[in-house]
Structures are given as structure tokens and as C-alpha cells.
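Undergrad: Here is how the chains run, residue by residue.
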Amino acid sequence: MSTVAAQNRGFGAVLWDYLTTVDHKKIAHLYLFGGGFFFLLGGLEAMAIRIQLIQPENDFVSAGFYNELLTMHGTTMIFLAAMPLILGLMNAVVPLQIGARDVAFPFLNSLGFWLFMFGGLLLNCSWFLGGAPDAGWTGYVPLSVTSPGHGVDFYVVGLQIAGAGTLIGGINFLATIVTMRAPGMTYMRMPLFAWTTFITSVLILFAFPALTVGLFLLMFDRMFGSAFFDVGLGGNAIIWQHLFWIFGHPEVYILILPLFGVFSEVIATFSKKRLFGYTAMVFATMLIAFLGFMVWAHHMFTVGLGPVANSIFAIATMAIAVPTGIKIFNWLATMWGGQITINSAMLWALGFIPTFTIGGMTGVMVASVVADYQYHDTYFVVAHFHYVIVGGTVFGIFAGLHYWWPKMFGRILNEAMGKLTFWTFFIGFHLTFFIQHFLGLMGMPRRYWVYLENQGLDLGNQISTVGAFFMAVGVIVFLINIVYTAVKGEKVVDDPWDGRTLEWVTASPPAHYNFKQTPLIRGLDALWIEKTEGKGRPTPAEPLGDIHMPNSSFLPFMMSFGLFIAGFGFIYQVNHNWAYILLFGGMAIMLGCMLIRSLKDDHGYHIPKDELESEAD
Amino acid sequence: MSHDHSITPESMPNEPEKATQEGKNKFIGFWFFLGGETVLFASLFGTYIALRNSTADGPTADELFGLELVFIMTILLLTSSLTSVYAMYHMKNNNFKKMQLWLGITAILGLSFLGSEIYEFTHYITGYDFTFRSSAFGSAFYTLVGFHGGHVTFGMAWLIGLMIRNAKRGLNLYNAPKFYVFSLYWHFIDVIWVFIFTVVYLMGKVG
Amino acid sequence: MKGWMGKIRAFCLLGLTAFVLSACGKENLTALDPKGYGAEQSFNLIILTTVVMLFVLVSVLIVYTIVLIRYRKKKGQENYIPKQVEGNKTLETVWTVIPIILLLIIAVPTVTATFNLADNSAASDSLNVQVTGNQYWWHFNYEGQEIQTSQDLYIPVGEKVYLNMKSSDVIHSFWVPTISGKMDVNPENENTMYIEAKEEGVYWGKCAEFCGPSHSLMDFKVIAVSQDEFDQWVQDMQNVDPEAEPEKAVAQEGQGLFQEKNCMSCHAIGSSPAQVGPNLTNFGDRSKLAGVKDLNKENLKQWIMDPESIKPGNKMTGNYPEVSEDEAGKIAEYLMQLQPSDVTPESAGKE
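Protein chains in written order, with UniProt numbering: chain C, 1 to 617; chain P, 1 to 207; chain V, 1 to 351.
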């Protein structure tokens, strides 16, 4: 009913609705849209990189521009594509899975999105304002401090704003899962995606502040003349690497753990079996998260930290392989003896298992310190992390999108196009990256604008570029599929996959209050239990009554917009006095909105009982 | 439940800050936020410890710091933490006036702390020509202590805003969590200061 | 059906291509054909870890294939509901313990090798070279030998040579894949590593830490020669007279221009420690120009007139008076005849 109403409204009304919404399902749409947009942008950057490397000493792009491309490709894909797409899936599904009507902080949820969006836009404005950042997504000092122009300033300020949004999102999910679970939904009855969301949010909470501090130090050095990284004044460049990787390594798990959750859901549903070793899976996730904070220095084996530190971090890193292995085997055991349906969503999960195993394999290989002296900063590492991030995160996002698309939009994605997307992308992926393991060992360091002739690197790079085009085709087919589905896709029932978890109880798409009556949860796989042992639907835990809902608000948009403006102020105050107008003006908008939010009481509103009664189930 | 948040002595719950779902969310969410803040300060402390001897021939910690002023500042902030505890005690007894009084005292102590800190910084800059740009040590010192000072400043604005906003309408279930969360924040600031006192000033004098 | 068959076929194809390619790789550049002590240590671990991990991969793929063949939904049993298994403690233990054992097999040699390569106890009795990384060239100062040179590092074969490395600007990383793994060159502390070449040869070195626009053009060479040849080279380098007048008249003019155009304010010839720009003592013997171009007069003229066209972002561009083509030719003549030693890259044999 709400979609029909939306279709009848004008474009302006829909736009205003999205600008002010605090509904987690609409925020999910925003995250998917924003993340998808940046994913395409990052993909274009990747294609430019691959075209430049199609032949030795190519001059498709200049050296400076190439460095901007590689920096923005990494930064965009990690912070502006993968993270928001993951947050989009979490927003769309987690409250439904735990039987909540909303998240704990709907206002902050919206603020988190807009901060991410404006941070990402700010970062990308650099393309048009004198050049993008060019010091790598890792922004190692002193290169990033000495990089001329404003590029790196955009990196610092843009990531700071987007990072604040992510942190807010993390806290929101933590509080939501702690306080808003439906009656009977104990922690050990939560679907694995809710669990991985919870643990990921813990990682976000404890990892992002280290990045915040690192970015502040870099910002102070670049803009306000401090000396953290200035060797002449006693500064130390290694501090940045520590801070960055104390954030950066947990970030890798932030990117992968939620998708482990997605695969667990998809594999269980399409094997028609309960997830094998649920408890082991939960504790393996916790162990991975915990160890994820203990291994940051394995990115720094060649820095010269000494053999003791290197050995300790090597062993801790190898230890992570154990819980990861547990997961792989539990997924296989889930499918063992099952009734496996292979459709687009399941294909991505099936493609993930061998791909990610290879990524994990090379992960153990790079943990072996002395071997890493060869791998480090070469295409071997590039191949390794693409195997885990694309093979895990991107495959997982595709699996999640195909799986939950009907829940989110009420229409099912076209199967034929879904399979075509998978096969082109999957084959293209392995073509692109498998060969890069060997390129690295054959002497090709990463972030190389050109490679020389007669160094035996030509064929490998050509194959790699060809593969990249296959991946691009896969993505284009997916885009066509989205448009096709929106226009012609078949409408679906509430539970098209014969699902096991609570989100499949709600309508597709769910009503804005999710559940008319909060359900009572009787065990793991709440819906499956009711299908096999009950009435097919969970029993309500409460009588039908008024539902309390939060008010929409334009303030999150305005606050983020204020920071966006102030960001330009910070960047340009270094050499332009007029920038102070932007700086103070932007901060005034932001703080003013904060003040309004604090002073004006906002109690939300209630949907009266009789209105709910008149609506169909 | 009714949509009314007002409370009377009879309907006063034991923990007014957690009596509503929103209150519960705020309470939990803020604890998580403080967890993140801990990592933030831990990173700043780590940076400071790494750079505290990198004075680049400028003034050293030992030359700069005088423990008398810092001791007074410590007393001011610790006391303000205690007075905010009194304020929360009166909140639970639904005694709004006394709560406001103790919050007022907290604010005065906090502002005195801020005043002392500003004096301290001015003293280093004018007396020793020791600035943010002097050396890596200078950058690390002003950043760590300044971040704490910034948190105190924000806390003061927050507290005074809360007190003024709610002066006329008294305590209810809608604003009780707000006061409570502020007190959590204030204790956190206090704990951070204890670490600053130890790591920056005591270790600077002794270490 | 097509699904897994296609996947397996894709894997085989990729594996085959990979195998063929791995057999190539350029000699004296690839890490897969080690000719130095460090590179051998790395290579042994690479092989060990690959074998152990392939064992894991193969086990996973076997189970995976069986699952996909046996448990796909079949016609006629669409309504079959599989048994809802909770888990199995024995299995969980098995796939926890076996990986731990496998990891121990990797961990022990890893730690041993790590300590082994970090052992600098023999440094004081060996040849020590101070290595300085610069955007985008390398400087080598033979400690206690009064030899300064850039870009080509001569070492005696079969000897441990200790490199004490520091950067003058941003972080670089010293990597000669065939001889040894890499180590970062940091601006604030000196890192020490040793290299030992097992065979004579000219080995490619690359900068492996992102350092700016010409990061990919910061190549250098390690030239391993016999001990006798090395001693000869040391002697020749120590006996260089920086002011020696060239034989050819054009070169003499070039020498004059070299001073006139202020080249000396950055570049040194001889053992002067100045190193704003590369030391040019044995420039005529260099294996490459600017690390990446063939060393010949045409390329050198281009470099002198417009270094930006060869190495974007280099520090020479714009820091010297304009040089005409004619002048550049003369300077090139002068530089090309700076060949103080008979021990050259050719002495080390193949490149």
C-alpha cells in the first residue's frame, strides 16, 4: 500500500520524503543508491587503471593522474562503496530479523547516512578542484604531507566526515540489537546476519576512532603546521602507519564479517537446512573480530619493527585462519545432505567459497614474514586482497542484493540476467586477479604507473585487463536487470524463498512499522520453527495497540550539509582568507541544527489502533 | 502506555533515566559511544608517548610543567565529578531544585578548570615560546590535552544548555536520560584527566 | 550441470596459464628464480606455504564438488525436507585441530627465517653500504671506503653486504627480488638488512613503497662481481680525479658547461658526500640512464634538456638554467666518458 501511495505522489514529494526519512528501510535504499553510485565510480577508476596497464610503458594516463586514480579507486571502493552497501543491507534487514519496529536511533541513522554521502561527495569534488588525492588510500606520510595542492586535504576532510557517519551507524546497530530484540529473541537465537552485524558494529566502534585520530594528525600537519610527521622537528612517520592499520586491519573484517552473515543466511535457505554449527559460527566470528585487532602490524613487516614483533604478528595472523576455516567447513556441512537450489543468490554464495578459500590461502602465505618480504607491496598482495574483498565482500553484496531484493522492493530480480551477471563477473574476476599473484612474484610492485618492456610482465597484464572488461560487463548486466525489474519485474509474495528468518514474515516491502504486533520468538530460525511446528506465523507477543513512530526530520541533511561546507573552509583556509566564511558558516549551520535538535522536544507520533485494524495483514 | 512523560513523587520510577525505551537506548548507546571515545584517547595517548621526548631542542616536559597548577586543576575536575554524582542522587529522589543546584556547582568547577587550562597554555606560549608548531612533542602535547579541553568545553555547553532548557519545566521521563547521559560523559572526562595527569604531567616531571 | 563444470574448467585454464607464465618471468628480476641468500629463504617459505595451503584448498574443493553433485535439488523430490542437523562436535574439533597443526608447520620455519634474516651480528666485519632513498633515485656510500655512487650498487659475489638504509624524503622500499626480499627505507630511522648474491650478475632493483609520480621509474641495479673484480673496482673508484680533463675536445667543452650551468651544485663527481642529486663518478659505466632508459647520447640529451619527459615529478626539472640542444650534446659527451673502471656491468656478465 505504501508503494502505491508513493507512486501516486509527485517526484518532489518522494524526494522530500527521502531527504527527511528516518525509516530504516528507506535509509537502506539511500545507502544502496549512494554506495552503488560510488561503486560505479570506483569501477570506472579501476577500468582506467587496467587500460593504462594493458601494455608496457603505456601513456593512456599521466603519472600524476594515475596516482590519483589508484588512490581514489581504493578509497572509494572501501569507504564509499563497500561500507555503505553493507550498511544498506544491515538497515534493510537487521531490524526485521530481530523483530524490531525500528532502530534505536532513527534520527542518528539518517544522520549517519547523510554524513557518509556528503563526505563522499566532498572527497570526489577534488576531481574538479585541482586534482584528487594522490598518496594512496593508505595515505602514508610523509608522501601525503608533502603532496602538493589540495588533493590530500580532500582525502582527510572527506574521510573524517564519512567516517563519523559510519561510527554513528555502528553505535546505532549496537544499541538496536541490545535493546530492541523482540520477546524471546535471545542472543543465541539471532540469525547469523544479525550476529555479524553486531560484531561488525563493535569493530567499527573500536577501529574508526584510531582513523579519526590519524586523520586529525595528518590534517594538523598539513593545514596547521604541527610536526607529528615532520622528522626535522622530531616527528615520526611510523606513527601514521600504526594508527592507520590499527584501524585498517579491523576494517578488513568490517568489510567481510557482515557478508559471512549474508552467506550463512543464503546457504541455509537454499540448502533447506539449518545452519550447521550455529554456535561455532558465532564464536568463530567473535574470535576473528578479536584477533582482527591483534594483527595490524602484519601490514608493516618490511618497516623494520624487528624480528620479535614480526614473529608475534605473523603467528597471530595465521591464527585467524583457524576460525575462518571453521566457517568454510560449516558452510560446506550446511550444504551436505541438503536440498540445494541454485539461483542467482546461491550462485554468488557458491562462487564465494572457492574464491575466498584462495584469498584465505594467500592470506596465510603473506603472513609468513620472510615470504612476505617478497610479496609485500607487489601485485601478489593486490591479488590477495582482491580475492578476499571482491571474492568475499562484493560477491556477498551481490548475494545479499539478489536474496533480499524482493523483501526490499517487492519485486524479484530477473533470474537469467542474474546468472549472466554472475558468470561474466566470476570469470572476469579470476582472469583479472589470479594472474596478478604471479605478476607480483615476477617483480611487479603495486602502484606502478608503467612497467618496462622486456620484463616478462606484458602477457599477465594483458590477461588481467581483459578480465576487467568481463567484470564491467557483469556489472552493466546487473544495472540493466535493476531497471528491467523496476519496470517489468514480477511482484512477489512475502516469502518467495521459503525463508527461515523473521524478515520473511513481513510484507514485501514491509509496512513502515514493520510488525503490526511484535512477534514472539520461540527459537533459532524463528519462521522455520513456526512453519514446521506451528501455525506458519509467529504468535504475537502483544495485543494490537497504538504504534509509536519517530518523526521525519530534515535536520540530519542540514547538519551534514553544514559540515560539507565547513569542510571546504578547512581545506581552503590554508591559502585563502575567504574560506573562513565557509568554515564558520558551515559550522554555524551544523551547530545551529544540533541546537535545534537539543532544544526542540521530539516525541514522535502514534499510529492509532483502529487505523492498523483497517489495514490488511 | 500513555504518551505523557511527566512524573509525580508517586509515579517516580527507581531509575528514571531508563524508564522509557528511548531512555534505555540512550543509556546503552552512550556507553558504546564512550567505548569509541576510549579508543580515540588511547590513540592520542599512544602518539603522545611516542613523541614526548621529541622536543627538537625546544623546551622539555620537565622544564615546562609545574605540578602546583595541575594539581589544583585535578582537584577541580575530580570535585566536579563528585558534585555531578550528587546531582544524579537528587534526580533519583525527584528533587529537581537540588539537582539543578549541584549541576550548577559542577558547571562552576568545570569552568574554573577550563580557565586554569587556558592560563596554563598561555603561560607556555608566552613564557617558553612553546607552541603547537615548536616540535613533535609540542604538537602531541597540545593535541592530547587540547582534545580533553575541547571535550570539557563541549560538556560545559551541553550542561548549561540542559539546565537552561529544563529550568522551568522540571524533571520528567523525557529529560531524565539526558541529564544522566551528561553525567556519564562528565565522569568519562574526569577519568581521562586522571590519565593525562599521570602520563603527561607526572611522567613528564619524573620520567 | 554447467555450473560447476564451467568453474572447474575455468580453474584448469587459469592454472595452466599461470603455470606457463610462472616458468617465465625475467631472469634476474623474478623472485621465482632466487640467486641470493635472502631470496632463497623467501622462496623456500613460498613453496612450503603454497604446498600446505594447496592441500587445504584441494580438501575444500573435494567436499565442495561432492556436495554440489550429490545434494542438488533433483526432479521428483521438490518437497523433500532435509534433516535439520544442529552440528557435530567431533567435526568441529577436527576442522579446528588440523588447521592448527598445518599452521604450526608453517609458523616454525617462518619464525626461524625471520630471526635468521634479522641477525646483524656480522655487520662490523663486513662491507657496509649506506643506502639513501631519494625521489626517484638511490645513493650508495661505501662506509670507510671513500666511495660514493648512485643507481648501480657493486657488491662482491658470495659475501654478505650490510645495507644501512635511510630516506632523504618520503618512504621508499629497497627490493631486488632475485637477491633478497624488500625492506623499507624510512626518513627517521636507519634500517639494516644484508644481501648476498650467489651468482655474478646484474640484478634489477625496484622501489616497492609508493613514493610519488615516478615511483614506477625508480629502478636501480645490484651488480655482483667476483671478489677480485670488486677490489679492482674499489681501487679505481678511489683513484678518481674529479677534475680530470677529458681527452676529446667536445667533452672538454662539456666539462666547462657542466660547471657553468651549475650542475655541480647538486651533482658530485668523486667521493664528495654531496648528494642533492645523483653522484656521477662512474656515469659512463651505468647500466641504465635514470634507472629505466638505455644509456646513450640521444637519451641523455633528452634527459638534460627535459628530465620531466622521462621522470615526472623529479627534483631536477626547473632547478637549472636552460640548456640548448648543442650544449646538452656537449655535456652528454662529457658525462658519457666518465668511466673510471674496467669493471662494469658487462663484467658481471648477463643482465
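Keep in mind that the hints are not guaranteed to be accurate.
20 Å max Cα-Cα, derived PhoX-like pairs, lysine-lysine [claimed, not checked]:
| id | chain 1 | residue 1 | chain 2 | residue 2 |
| --- | --- | --- | --- | --- |
| 1 | C | Lys272 | V | Lys160 |
| 2 | C | Lys516 | C | Lys609 |
| 3 | V | Lys75 | V | Lys89 |
| 4 | V | Lys301 | V | Lys261 |
| 5 | V | Lys261 | V | Lys26 |
| 6 | V | Lys198 | V | Lys160 |
| 7 | C | Lys600 | P | Lys92 |
| 8 | P | Lys205 | P | Lys92 |
| 9 | V | Lys315 | V | Lys293 |
| 10 | C | Lys531 | C | Lys272 |
| 11 | C | Lys272 | V | Lys315 |
| 12 | V | Lys83 | C | Lys531 |
| 13 | P | Lys24 | P | Lys92 |
| 14 | V | Lys89 | V | Lys73 |
| 15 | C | Lys600 | P | Lys98 |
| 16 | P | Lys24 | P | Lys97 |
| 17 | P | Lys98 | P | Lys24 |
| 18 | V | Lys166 | V | Lys315 |
| 19 | V | Lys73 | C | Lys272 |
| 20 | C | Lys531 | C | Lys419 |
| 21 | V | Lys293 | C | Lys419 |
| 22 | V | Lys297 | V | Lys261 |
| 23 | C | Lys272 | V | Lys83 |
| 24 | V | Lys293 | V | Lys26 |
The following label-pair restraints were derived from C-beta to C-beta distances [claimed, not checked]:
| id | chain 1 | residue 1 | chain 2 | residue 2 | range |
| --- | --- | --- | --- | --- | --- |
| 25 | V | Ile62 | C | Leu19 | 40 to 46 Å |
| 26 | C | Glu542 | V | Val94 | 42 to 48 Å |
| 27 | C | Arg9 | P | Glu15 | 41 to 47 Å |
| 28 | C | Gly225 | P | Asp62 | 22 to 28 Å |
| 29 | C | Gly592 | P | Lys98 | 50 to 56 Å |
| 30 | P | Pro13 | C | Glu415 | 50 to 56 Å |
| 31 | V | Ile62 | C | Lys609 | 41 to 47 Å |
| 32 | C | Glu615 | P | Glu15 | 54 to 60 Å |
Covered stretches of chain C, as calculated for chain V (at least 3 residues, CB under 8 Å) [stated by the list, open to error]:
| id | stretch |
| --- | --- |
| 33 | 78–88 |
| 34 | 302–314 |
| 35 | 320–330 |
| 36 | 359–365 |
| 37 | 547–560 |
Simulated from the structure, these hints should not be mistaken for lab results. Note that beta-carbon positions come from the ideal geometry of N, C-alpha and C, so glycine has one too.
Undergrad: Which hint numbers does the structure go against, in order from smallest to largest?
TA: The structure conflicts with hints 1, 3, 5, 7, 8, 11, 14, 15, 16, 17, 20, 21, 25, 29, 31, 32, 33 and 37, although it agrees with all the remaining ones.
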